[in-house]
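Number of protein chains: 2
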Amino acid sequence: MVIDKSNMRQVLTDFPQQCREGMGLAKGVTVKGQFNNILVCGMGGSAIAGDLLKMYVTDKPVYVVKDYRIPDFVDQHTLVFAVSYSGNTEETLSTLVEAKNRGAKVVGITTGGQLADLADTLIKVPAGLQPRNAVGYLFFPIIGILYNSGIIEVKNNDLNEMLKVVGDINYFDEKGKELAMKIKDKTAIIYSSATLGACAYRFKCEINENAKSPAFFHVFPEMCHNEIVGFEGMERSKFVILLVRNRSDHERIKKRMEVCKDLFEERVDVEEMTSLGDSLLAKMFSIIYLGDWTSYHLAMWKRIDPTPVHVIENLKRALG
Amino acid sequence: MVIDKSNMRQVLTDFPQQCREGMGLAKGVTVKGQFNNILVCGMGGSAIAGDLLKMYVTDKPVYVVKDYRIPDFVDQHTLVFAVSYSGNTEETLSTLVEAKNRGAKVVGITTGGQLADLADTLIKVPAGLQPRNAVGYLFFPIIGILYNSGIIEVKNNDLNEMLKVVGDINYFDEKGKELAMKIKDKTAIIYSSATLGACAYRFKCEINENAKSPAFFHVFPEMCHNEIVGFEGMERSKFVILLVRNRSDHERIKKRMEVCKDLFEERVDVEEMTSLGDSLLAKMFSIIYLGDWTSYHLAMWKRIDPTPVHVIENLKRALG
Numbered sequence: 001m002v003i004d005k006s007n008m009r010q011v012l013t014d015f016p017q018q019c020r021e022g023m024g025l026a027k028g029v030t031v032k033g034q035f036n037n038i039l040v041c042g043m044g045g046s047a048i049a050g051d052l053l054k055m056y057v058t059d060k061p062v063y064v065v066k067d068y069r070i071p072d073f074v075d076q077h078t079l080v081f082a083v084s085y086s087g088n089t090e091e092t093l094s095t096l097v098e099a100k101n102r103g104a105k106v107v108g109i110t111t112g113g114q115l116a117d118l119a120d121t122l123i124k125v126p127a128g129l130q131p132r133n134a135v136g137y138l139f140f141p142i143i144g145i146l147y148n149s150g151i152i153e154v155k156n157n158d159l160n161e162m163l164k165v166v167g168d169i170n171y172f173d174e175k176g177k178e179l180a181m182k183i184k185d186k187t188a189i190i191y192s193s194a195t196l197g198a199c200a201y202r203f204k205c206e207i208n209e210n211a212k213s214p215a216f217f218h219v220f221p222e223m224c225h226n227e228i229v230g231f232e233g234m235e236r237s238k239f240v241i242l243l244v245r246n247r248s249d250h251e252r253i254k255k256r257m258e259v260c261k262d263l264f265e266e267r268v269d270v271e272e273m274t275s276l277g278d279s280l281l282a283k284m285f286s287i288i289y290l291g292d293w294t295s296y297h298l299a300m301w302k303r304i305d306p307t308p309v310h311v312i313e314n315l316k317r318a319l320g
Numbered sequence: 001m002v003i004d005k006s007n008m009r010q011v012l013t014d015f016p017q018q019c020r021e022g023m024g025l026a027k028g029v030t031v032k033g034q035f036n037n038i039l040v041c042g043m044g045g046s047a048i049a050g051d052l053l054k055m056y057v058t059d060k061p062v063y064v065v066k067d068y069r070i071p072d073f074v075d076q077h078t079l080v081f082a083v084s085y086s087g088n089t090e091e092t093l094s095t096l097v098e099a100k101n102r103g104a105k106v107v108g109i110t111t112g113g114q115l116a117d118l119a120d121t122l123i124k125v126p127a128g129l130q131p132r133n134a135v136g137y138l139f140f141p142i143i144g145i146l147y148n149s150g151i152i153e154v155k156n157n158d159l160n161e162m163l164k165v166v167g168d169i170n171y172f173d174e175k176g177k178e179l180a181m182k183i184k185d186k187t188a189i190i191y192s193s194a195t196l197g198a199c200a201y202r203f204k205c206e207i208n209e210n211a212k213s214p215a216f217f218h219v220f221p222e223m224c225h226n227e228i229v230g231f232e233g234m235e236r237s238k239f240v241i242l243l244v245r246n247r248s249d250h251e252r253i254k255k256r257m258e259v260c261k262d263l264f265e266e267r268v269d270v271e272e273m274t275s276l277g278d279s280l281l282a283k284m285f286s287i288i289y290l291g292d293w294t295s296y297h298l299a300m301w302k303r304i305d306p307t308p309v310h311v312i313e314n315l316k317r318a319l320g
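Line by line, the protein sequences are chains G and V.
According to our numbering, the residues represented by the first sequence are 1 to 320, in order.
According to our numbering, the residues represented by the second sequence are 1 to 320, in order.
By construction, these hints were calculated from the structure, which means they are not laboratory data.
Some hints here could point you the wrong way.
It does not matter which identical chain is meant; a pair holds if it fits inside one copy or across any two.
To be verified - DSS-like cross-link-like pairs, simulated, lysine-lysine; straight-line CA separation at most 25 Å:
no.: 1; residue 1: K238; residue 2: K302
no.: 2; residue 1: K60; residue 2: K100
no.: 3; residue 1: K254; residue 2: K27
no.: 4; residue 1: K175; residue 2: K302
no.: 5; residue 1: K186; residue 2: K302
no.: 6; residue 1: K238; residue 2: K182
no.: 7; residue 1: K124; residue 2: K54
no.: 8; residue 1: K316; residue 2: K261
no.: 9; residue 1: K254; residue 2: K316
no.: 10; residue 1: K32; residue 2: K60
no.: 11; residue 1: K60; residue 2: K105
Quick caveat, the model's predicted, so the values are computed rather than measured.
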């Protein structure tokens with residue numbers, strides 16, 4: 001029996017190519033204005049583009065809103081990106097309308113829907129994927145526009161390195177399978193430094209959506225100040241820790257991870273992975289891509305079709 | 001045998017009085033300057049003051065940093081609060097030094113330590129508590145200074161209502177015990193709307209630290225786009241949901257909670273609580289205070305002394 005009916009394996013295999021295409025989608029597109037800050041509105045698999053932007057761009061204030069309402073400070077000097085793969089996500093449309101009422105210019109990144117009609121500037125991305133599988137289409141146009149508009153710098157080398165790193169598909173396939181076989185029926189908790197926090201969150205969400213399994217995340221050093229105390233009540237049979245190492249982490253965070261690993265292992269098993277590449281972009285996408293493959297293999301092991309998310313569809317129907 | 005050796009029950013009972021005192025700590029203290037944004041640096045039980053500020057103040061951009069480094073955009077036009085109950089939290093001191101090097105003015109909120117020596121403006125708070133039990137001392141001076149400096153508005157009625165709401169100590173004691181008896185050996189997952197997200201996070205952390213038990217959190221509507229799919233793999237014996245209702249939530253979030261509750265209950269038990277009062281401040285602190293009592297009673301049921309956090313102490317020692 002075929003489990004992966006919609007062939008997510010192929011979608012994952014195509015992902016490096018999607019990133020390459022994503023980088024081209026904003027070609028020639030610019031925004032004009034004096035912006036004090038950047039707001040990205042979106043939900044779930046579309047919002048991750050905003051989370052990644054917030055990690056990647058640190059010399060401009062970036063806000064990510066995953067809600068119906070935007071903060072009161074948003075005005076014409078806020079550059080707003082509304083990201084919704086379907087273009088019909090109700091929360092994102094609600095924030096878009098609020099942002100426009102405040103005089104902000106809104107860049108829409110979508111396959112179509114109402115968002116395509118309402119956005120001041122539109123980046124239209126290829127349809128046919130699950131939103132969570134389209135992060136290359138949804139993220140790279142944002143940095144493309146910011147770069148074209150002189151708002152941020154992006155090194156060509158970083159883009160090329162990122163493509164090279166995720167291009168080693170076999171590595172991610174195999175390492176993902178290895179990690180999945182350590183998770184199996186346990187609940188995975190993913191820990192990274194705050195520097196890669198959005199990737200840890202994405203990893204957790206991919207386990208939720210692809211393997212239909214609970215999973216959680218937190219970041220160093222904050223988890224050392226609260227969550228770690230909960231390990232006194234952890235049981236080896238229930239949880240497994242996935243620890244994301246990163247060569248550019250602050251030295252004290254590296255040390256914290258060393259010490260905490262020993263502490264974790266008194267209670268639960270710990271599996272490790274390391275972000276790849278030199279640039280932040282490569283590191284970010286190496287963990288994202290590994291999470292995609294890990295959750296895919298976990299779904300295969302559980303004999304669950306990774307692509308459909310019936311719960312979300314049922315919820316949308318019930319919401320009317 | 002006395003379990004609550006350091007008498008956390010008394011500390012919790014004194015909390016409304018602490019909030020009242022906290023409101024007075026910033027009396028006459030102001031900051032001068034033109035600020036584009038506000039940055040709060042801190043970790044764990046001290047950082048929650050920043051998380052609460054970000055929820056409470058929406059007409060100014062508020063950033064919370066729980067890390068060693070601050071974002072590159074921070075400069076002399078950023079108003080920085082460094083919050084550390086001990087005054088010696090290494091991450092907070094690291095961010096403080098970085099902020100000063102960028103020309104920012106730093107307000108320190110602490111009992112002493114190096115932070116007291118390094119801050120440009122100092123709010124000294126009473127010592128002798130666990131940092132997580134001092135949120136009244138750590139939060140209210142921040143809004144006091146912002147109010148005194150004409151940066152935000154705070155309604156006196158809101159402060160009074162908040163004090164009145166948390167003043168009904170018996171309610172929180174009893175409701176907290178009731179919730180704790182529903183959690184027992186299960187792993188609690190706390191869900192609120194994003195509007196009260198910091199309170200859900202705080203609730204989770206209090207279970208970690210007081211009851212030495214794992215606990216997790218997420219917020220509506222974002223959890224409807226990923227985490228909810230994980231419920232297909234949830235087991236009733238392992239998890240319990242604590243759902244935070246809030247009368248001012250967006251109507252669509254209320255509807256989402258209704259629908260999700262039914263979905264949750266197919267897999268796990270759901271316990272509910274409702275934020276109290278009319279003002280956001282009262283609502284925030286009603287959930288915080290309920291989390292404190294719930295985690296206290298969970299510790300009692302587990303026969304664990306809620307106050308000491310040996311894991312964190314051991315970790316600090318191992319880090320040298």
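We went through each hint and held it up to the structure:
1. K238 - K302: This pair counts as both: shortest intra-copy Cα distance 16 Å, inter-copy 19 Å.
2. K60 - K100: both (21 Å within a copy, 19 Å between copies)
3. K254 - K27: Neither: 39 Å inside a copy, 41 Å across copies.
4. K175 - K302: For K175 and K302, only the intra-copy Cα distance (18 Å) is at most 25 Å; the inter-copy one is 39 Å.
5. K186 - K302: both (12 Å within a copy, 24 Å between copies)
6. K238 - K182: Close inside one copy (12 Å) and across copies (19 Å); limit 25 Å.
7. K124 - K54: Within one copy, since 22 Å is at most 25 Å while 33 Å is not.
8. K316 - K261: between (40 Å within a copy, 14 Å between copies)
9. K254 - K316: between (42 Å within a copy, 14 Å between copies)
10. K32 - K60: For K32 and K60, the Cα distance is within 25 Å both inside one copy (16 Å) and across copies (23 Å).
11. K60 - K105: both (17 Å within a copy, 19 Å between copies)
The earlier numbered hint that this structure contradicts is number 3, and it is the only one.
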